[in-house]
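Enquirer: First to last, the sequence lines map onto chains A and B. All residue numbers for the first sequence refer to the numbering used here, where the first residue is 5 and numbers rise by one. All residue numbers for the second sequence refer to the numbering used here, where the first residue is 5 and numbers rise by one.
Keep in mind that a hint or two might mislead.
With a straight-line cut-off of 25 angstroms between C-alpha atoms, the simulated BS3-like cross-links for lysine-lysine are [what the hints assert, rightly or not]:
| # | chain 1 | residue 1 | chain 2 | residue 2 |
| --- | --- | --- | --- | --- |
| 1 | B | K255 | A | K182 |
| 2 | B | K267 | A | K255 |
| 3 | A | K257 | B | K179 |
| 4 | B | K87 | A | K255 |
| 5 | B | K324 | A | K255 |
| 6 | B | K86 | A | K255 |
| 7 | A | K282 | B | K278 |
| 8 | B | K200 | A | K274 |
| 9 | A | K267 | B | K87 |
| 10 | A | K40 | A | K179 |
| 11 | B | K257 | A | K255 |
| 12 | A | K324 | A | K40 |
| 13 | B | K87 | A | K274 |
| 14 | B | K309 | B | K274 |
| 15 | A | K278 | B | K324 |
| 16 | B | K255 | A | K282 |
| 17 | A | K274 | B | K194 |
| 18 | B | K86 | A | K194 |
| 19 | A | K278 | B | K179 |
| 20 | B | K255 | B | K51 |
| 21 | A | K282 | B | K99 |
| 22 | A | K331 | A | K309 |
| 23 | A | K40 | A | K99 |
| 24 | A | K282 | B | K324 |
| 25 | B | K194 | A | K86 |
| 26 | B | K200 | A | K200 |
| 27 | A | K278 | B | K309 |
| 28 | A | K257 | B | K331 |
| 29 | B | K194 | A | K255 |
| 30 | A | K257 | B | K282 |
| 31 | A | K257 | B | K87 |
| 32 | A | K331 | A | K182 |
| 33 | B | K274 | A | K257 |
| 34 | A | K274 | B | K255 |
| 35 | B | K309 | A | K274 |
| 36 | B | K324 | B | K40 |
| 37 | A | K282 | B | K51 |
| 38 | B | K278 | B | K324 |
| 39 | B | K324 | B | K282 |
| 40 | B | K324 | A | K257 |
None of these hints come from the bench; they were simulated from the model. All figures in this text were calculated on a predicted structure; none of them were measured in a lab.
Number of protein chains: 2
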Amino acid sequence: MAELVNVAVDAMGGDNAPEEVVRGAVEAVSEDKRVKVFLVGRETVLKEELSRYTYDSDRLEIVHASEVIETGEPPVMAIRTKKDSSIVKCMNMVKEGACDAMVSAGSTGAVLVGGQVIVGRIRGVERPPLAPIIPNINGVSLLLDCGANVDARPSQLLQFAKMGSIYMESVIGVKNPKVGLVNIGVEEEKGNALTKETYPLLQNCPEINFIGNVEARDIPLGGADVLVCEAFAGNIVLKMLEGVSSALVTKIKAGMMTSLRSKIGALLVKPALKSTLKDFSTEAYGGAPLLGLNGLVVKTHGSSKAIEIRHSILQCIAFKEQKINEKIREQIVLGD
Amino acid sequence: MAELVNVAVDAMGGDNAPEEVVRGAVEAVSEDKRVKVFLVGRETVLKEELSRYTYDSDRLEIVHASEVIETGEPPVMAIRTKKDSSIVKCMNMVKEGACDAMVSAGSTGAVLVGGQVIVGRIRGVERPPLAPIIPNINGVSLLLDCGANVDARPSQLLQFAKMGSIYMESVIGVKNPKVGLVNIGVEEEKGNALTKETYPLLQNCPEINFIGNVEARDIPLGGADVLVCEAFAGNIVLKMLEGVSSALVTKIKAGMMTSLRSKIGALLVKPALKSTLKDFSTEAYGGAPLLGLNGLVVKTHGSSKAIEIRHSILQCIAFKEQKINEKIREQIVLGD
Numbered sequence: 005m006a007e008l009v010n011v012a013v014d015a016m017g018g019d020n021a022p023e024e025v026v027r028g029a030v031e032a033v034s035e036d037k038r039v040k041v042f043l044v045g046r047e048t049v050l051k052e053e054l055s056r057y058t059y060d061s062d063r064l065e066i067v068h069a070s071e072v073i074e075t076g077e078p079p080v081m082a083i084r085t086k087k088d089s090s091i092v093k094c095m096n097m098v099k100e101g102a103c104d105a106m107v108s109a110g111s112t113g114a115v116l117v118g119g120q121v122i123v124g125r126i127r128g129v130e131r132p133p134l135a136p137i138i139p140n141i142n143g144v145s146l147l148l149d150c151g152a153n154v155d156a157r158p159s160q161l162l163q164f165a166k167m168g169s170i171y172m173e174s175v176i177g178v179k180n181p182k183v184g185l186v187n188i189g190v191e192e193e194k195g196n197a198l199t200k201e202t203y204p205l206l207q208n209c210p211e212i213n214f215i216g217n218v219e220a221r222d223i224p225l226g227g228a229d230v231l232v233c234e235a236f237a238g239n240i241v242l243k244m245l246e247g248v249s250s251a252l253v254t255k256i257k258a259g260m261m262t263s264l265r266s267k268i269g270a271l272l273v274k275p276a277l278k279s280t281l282k283d284f285s286t287e288a289y290g291g292a293p294l295l296g297l298n299g300l301v302v303k304t305h306g307s308s309k310a311i312e313i314r315h316s317i318l319q320c321i322a323f324k325e326q327k328i329n330e331k332i333r334e335q336i337v338l339g340d
Numbered sequence: 005m006a007e008l009v010n011v012a013v014d015a016m017g018g019d020n021a022p023e024e025v026v027r028g029a030v031e032a033v034s035e036d037k038r039v040k041v042f043l044v045g046r047e048t049v050l051k052e053e054l055s056r057y058t059y060d061s062d063r064l065e066i067v068h069a070s071e072v073i074e075t076g077e078p079p080v081m082a083i084r085t086k087k088d089s090s091i092v093k094c095m096n097m098v099k100e101g102a103c104d105a106m107v108s109a110g111s112t113g114a115v116l117v118g119g120q121v122i123v124g125r126i127r128g129v130e131r132p133p134l135a136p137i138i139p140n141i142n143g144v145s146l147l148l149d150c151g152a153n154v155d156a157r158p159s160q161l162l163q164f165a166k167m168g169s170i171y172m173e174s175v176i177g178v179k180n181p182k183v184g185l186v187n188i189g190v191e192e193e194k195g196n197a198l199t200k201e202t203y204p205l206l207q208n209c210p211e212i213n214f215i216g217n218v219e220a221r222d223i224p225l226g227g228a229d230v231l232v233c234e235a236f237a238g239n240i241v242l243k244m245l246e247g248v249s250s251a252l253v254t255k256i257k258a259g260m261m262t263s264l265r266s267k268i269g270a271l272l273v274k275p276a277l278k279s280t281l282k283d284f285s286t287e288a289y290g291g292a293p294l295l296g297l298n299g300l301v302v303k304t305h306g307s308s309k310a311i312e313i314r315h316s317i318l319q320c321i322a323f324k325e326q327k328i329n330e331k332i333r334e335q336i337v338l339g340d
C-alpha cells in the first residue's frame, strides 16, 4: 500500500466550525483511502461531533488543541502567543513532517503569517502567494497573489507565474496552462512600473506559456489559466468577482418578482439558474493553496461548508502525489 | 434667455460614428433648449446624415474637420500630428472658449492626452481623473481615476476625492456623497503604501464626507458614492464589473436553454431580465467626465449609441450651470 497523505485540519476555524469541518473530514476519508486526517481542536467538542458518524478510525484522528485564533485577532500576535491554537498546531505538524498538508477555514491573516513563520518558505522562494481558483465562463483560473503582502517585485511575480503553472498543470490538470499578466491594456508597454518590468521576465521564461497581458474584462471570460498580479490587484479581482455576482443575482431575482408573468417564469428557470450560479461561485472549488512553503497550506473560505472542506482535503492528495514542491524547488533553483 | 451651453461633439469617434453620434446630437438639442451642439467631422458626411432629421438649425451646426484619429493610433503622436482631426478640433474649441464642453466616443488615449495638453488643467490640479459613473445595486457611484496614468500620489487621490464629491453632488444630485477609498480591507492600516498615506489625508479633509476604506466586494453593493483609487485599480474595478456581468449573463442565458421547462421560463422572465440588466450596464449612464480641466471633456464608451451620446451632451448642462469648475478651483486652491 502506498504511503498515506497526512492532512492536518483546523477543526475550529471558519464560520461553520466545528460541525461542517468535521463532516467534511469524515466525507474526505470515506471518499478516498489515500488520505488520513488529523482533526485539530478541542478534544471533547470534536469527540462529540465525531460520535455522529461512522468512519475508518485508522485514518481520522483527533489532536487536541486548547486555544482558538479568532478572525479579528492581529495575526502576528496571535501566532506568537497562542502556541496551543488549532492553527499553530496544524502548522507545526506540517513543519515537523508529521503532516504533508494542512487545511484551515480560519483567520486568513493567521494562516498567511503562520505559513511563512512556522512552516517556512522553500529555499529560493521570495514570497509565498495565496492562489485561489476562480471560476470563468469555460472553467477555472488560478489567481495569484491574493495574499496580504502588497507591492510585490517583478522577480516575485515571475516566481508566482512558475509556481502557478506547476499547480494548474499538476493539480488541476490543465496542460501547458496559459499564463497572463493582469494589466490595464494588452499592449506590452501598458501598465504600471511593476507590470512593465515584469512583462519581459515572463516573456523570456522558458518554463511557462506566457500569453501576454490580460485585461480584467477578459478574466471572467477565461482569458488565461494562470493570472499573475500583485496582491492588491488580485484582491480587487477576487472581490469584484464575488461582489458583482452577488449584486447581479440579487438584482435579477428582484427583477423577476416584478410581474406575475416573470414570477411564473422564475419558478420554471429556478433549477437551471441555481446550477448555473453554483458553477460560477468562487466557493465551489475547494481552498486556495499558499504556494512555495515547505508543505502545503490550504486556506478555504471562512464560510466553507463540508463540501469545500472535503475538496480542500482531497486536493492535498494530488499535491503530494504530483510532487508539486519538488517541482517548485527545481524550477525556482534552476530558474534563478 | 439664459446663455446657451455650447458642446462640441466629435462626430467621427466611436464604433457607431457618425450615424449614432449625429442622431444623439439631434435628440439632445430637441430635448433641451439650453444646449447648442457643434458637430465636428467631415462636412459632406455629416450634412448627409443630418439631412434625415428636422431640428433647430440655430442650435446644431457642423464644424468641418478633415482628419480622424483612429483608436489604434499612439495618442501623443496622433494629437500632435492630426491638427485637423475631429478630436483636436473639439479640444481647441473648448480651450478657446467657443465651447463649454466636448463629448467624444473616440480614442480614449487621444481624449486623455488631448485633454491635458490642449484643454489644459485647472491651475493647482495635479492630475485630471477620468471618472466613469458605474452602476450599483441601489443606484450609481463615481469611480475615479480610471485614466491612463497609473501610480498616483496621495495628494492626487485627495484631489480626486474633492472633485468627485463636487461632481456627484452637483451633477448627479447625491447630497453629501459618501467617499470611500478602494482598498483590500476596511481597517485603516490595510493596503499598500499609497492607500496608507492617502487614508489620513481623506480623513482630515473637511470638504468631503469620508467613510473609510471600501473593499471591492462592496462596490457593486453601493458601498460608497465616490470611489477613490489610482487608475490601475480603477481600471480593474471597471473592467471586472463589465466582464463579470457579461460572463454571468451569458452563463445564465445558456443555463436557461438546457431544458424545456427552463426554456419556457426564460421566455416569461425575458422582459424583466432585460430591464434589470439595462439598469446594471456600465453603458447606460452617459459619459465619463475628465475632471479638473479648463472646460469639460466627456469620454463616452466606444460602442455608444445615440442614447449615450444624448445623455453625455445633456450632462454638460448641469456641469456648466452648477459651476463645477469654479467649485473645483475654489476647493483645490483653498484645500492645498
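Enquirer: None of the hints should be skipped; say for each whether it holds.
Expert: For each hint, the structure was consulted:
1. For the suggested pair B/K255 and A/K182, the alpha carbons sit about 22 angstroms apart, so the restraint of at most 25 angstroms is met.
2. As the CA atoms of B/K267 and A/K255 are separated by approximately 21 angstroms, the hinted pair is consistent with the 25 angstroms bound.
3. Restraint check for A/K257 and B/K179: not satisfied, since their Cα atoms lie roughly 29 angstroms apart, outside the 25 angstroms limit.
4. For the hint linking B/K87 to A/K255, the alpha-carbon distance of about 47 angstroms lies beyond 25 angstroms, and the restraint is violated.
5. With a C-alpha separation of about 34 angstroms, the suggested pair B/K324 and A/K255 falls outside the 25 angstroms cut-off, and the hint is violated.
6. About 45 angstroms separates the Cα atoms of B/K86 and A/K255, which puts this hinted pair outside 25 angstroms; it is violated.
7. With a C-alpha separation of about 22 angstroms, the suggested pairing of A/K282 with B/K278 holds against the 25 angstroms cut-off.
8. Using a Cα cut-off of 25 angstroms, the hinted pair B/K200 and A/K274 is violated, with the two alpha carbons roughly 44 angstroms apart.
9. With a CA separation close to 57 angstroms, the supplied pair A/K267 and B/K87 exceeds the 25 angstroms bound.
10. For the hint pairing A/K40 with A/K179, the CA-to-CA distance comes to about 29 angstroms; that exceeds 25 angstroms, so the pair is violated.
11. Pair hint B/K257 plus A/K255 holds up; C-alpha atoms about 15 angstroms apart against a cutoff of 25 angstroms.
12. A C-alpha spacing of about 13 angstroms is found between A/K324 and A/K40, which places the hinted pair at or below 25 angstroms, so the restraint holds.
13. Taking the CA atoms of B/K87 and A/K274, the gap is about 57 angstroms. The hint is violated against a cut of 25 angstroms.
14. At most 25 angstroms may separate the alpha-carbon atoms for a hinted pair to count; B/K309 and B/K274 meet this at roughly 22 angstroms.
15. Taken as a hint, the A/K278 and B/K324 pair is broken in the structure, with Cα atoms around 48 angstroms apart against an allowance of 25 angstroms.
16. Of the supplied pair hints, the one linking B/K255 and A/K282 holds, its CA atoms being roughly 11 angstroms apart against a limit of 25 angstroms.
17. Restraint check for A/K274 and B/K194: not satisfied, since their Cα atoms lie roughly 40 angstroms apart, outside the 25 angstroms limit.
18. A hinted pair counts as satisfied when its Cα atoms are at most 25 angstroms apart, and B/K86 with A/K194 qualifies at roughly 23 angstroms.
19. Distance hint between A/K278 and B/K179 is unfulfilled; the C-alpha atoms sit about 38 angstroms from each other, more than 25 angstroms.
20. Taken as a hint, the B/K255 and B/K51 pair is broken in the structure, with Cα atoms around 44 angstroms apart against an allowance of 25 angstroms.
21. At roughly 53 angstroms between alpha-carbon atoms, A/K282 and B/K99 are farther apart than 25 angstroms, so this suggested pair is violated.
22. As the CA atoms of A/K331 and A/K309 are separated by approximately 31 angstroms, the hinted pair breaks the 25 angstroms bound.
23. The hinted pair formed by A/K40 and A/K99 meets the criterion: a straight-line CA distance of about 17 angstroms does not exceed 25 angstroms.
24. A threshold of 25 angstroms between alpha carbons decides the hint, and for A/K282 with B/K324 the separation of about 48 angstroms lies outside it, so the pair is violated.
25. For the proposed pair B/K194 and A/K86, the alpha carbon gap of about 23 angstroms is at most 25 angstroms, so the pair holds.
26. A C-alpha spacing of about 24 angstroms is found between B/K200 and A/K200, which places the hinted pair at or below 25 angstroms, so the restraint holds.
27. Pair hint A/K278 plus B/K309 does not hold up; C-alpha atoms about 34 angstroms apart against a cutoff of 25 angstroms.
28. Between A/K257 and B/K331 the alpha-carbon distance is near 41 angstroms, which puts this suggested pair outside the 25 angstroms criterion.
29. This hinted pair does not check out: B/K194 and A/K255 have alpha carbons roughly 30 angstroms apart, beyond 25 angstroms.
30. The suggested pairing of A/K257 with B/K282 holds, with an alpha-carbon distance near 15 angstroms, which does not exceed 25 angstroms.
31. With a CA separation close to 51 angstroms, the supplied pair A/K257 and B/K87 exceeds the 25 angstroms bound.
32. About 18 angstroms separates the Cα atoms of A/K331 and A/K182, which keeps this hinted pair within 25 angstroms; it holds.
33. Of the pairs offered as hints, the one joining B/K274 and A/K257 holds, with about 12 angstroms between alpha carbons and a cut-off of 25 angstroms not exceeded.
34. Annotation: proposed proximity of A/K274 to B/K255 holds, straight-line Cα distance about 14 angstroms (limit 25 angstroms).
35. For the proposed pair B/K309 and A/K274, the alpha carbon gap of about 33 angstroms is over 25 angstroms, so the pair is violated.
36. This hinted pair checks out: B/K324 and B/K40 have alpha carbons roughly 13 angstroms apart, not beyond 25 angstroms.
37. With a C-alpha separation of about 53 angstroms, the suggested pairing of A/K282 with B/K51 is violated against the 25 angstroms cut-off.
38. Proximity of B/K278 to B/K324 is assessed by CA-CA distance (about 34 angstroms); at most 25 angstroms being required, the pair is judged violated.
39. The hinted pair formed by B/K324 and B/K282 fails the criterion: a straight-line CA distance of about 28 angstroms is larger than 25 angstroms.
40. Between the alpha carbons of B/K324 and A/K257 the distance comes to roughly 39 angstroms, so the proposed pair goes past 25 angstroms and is violated.
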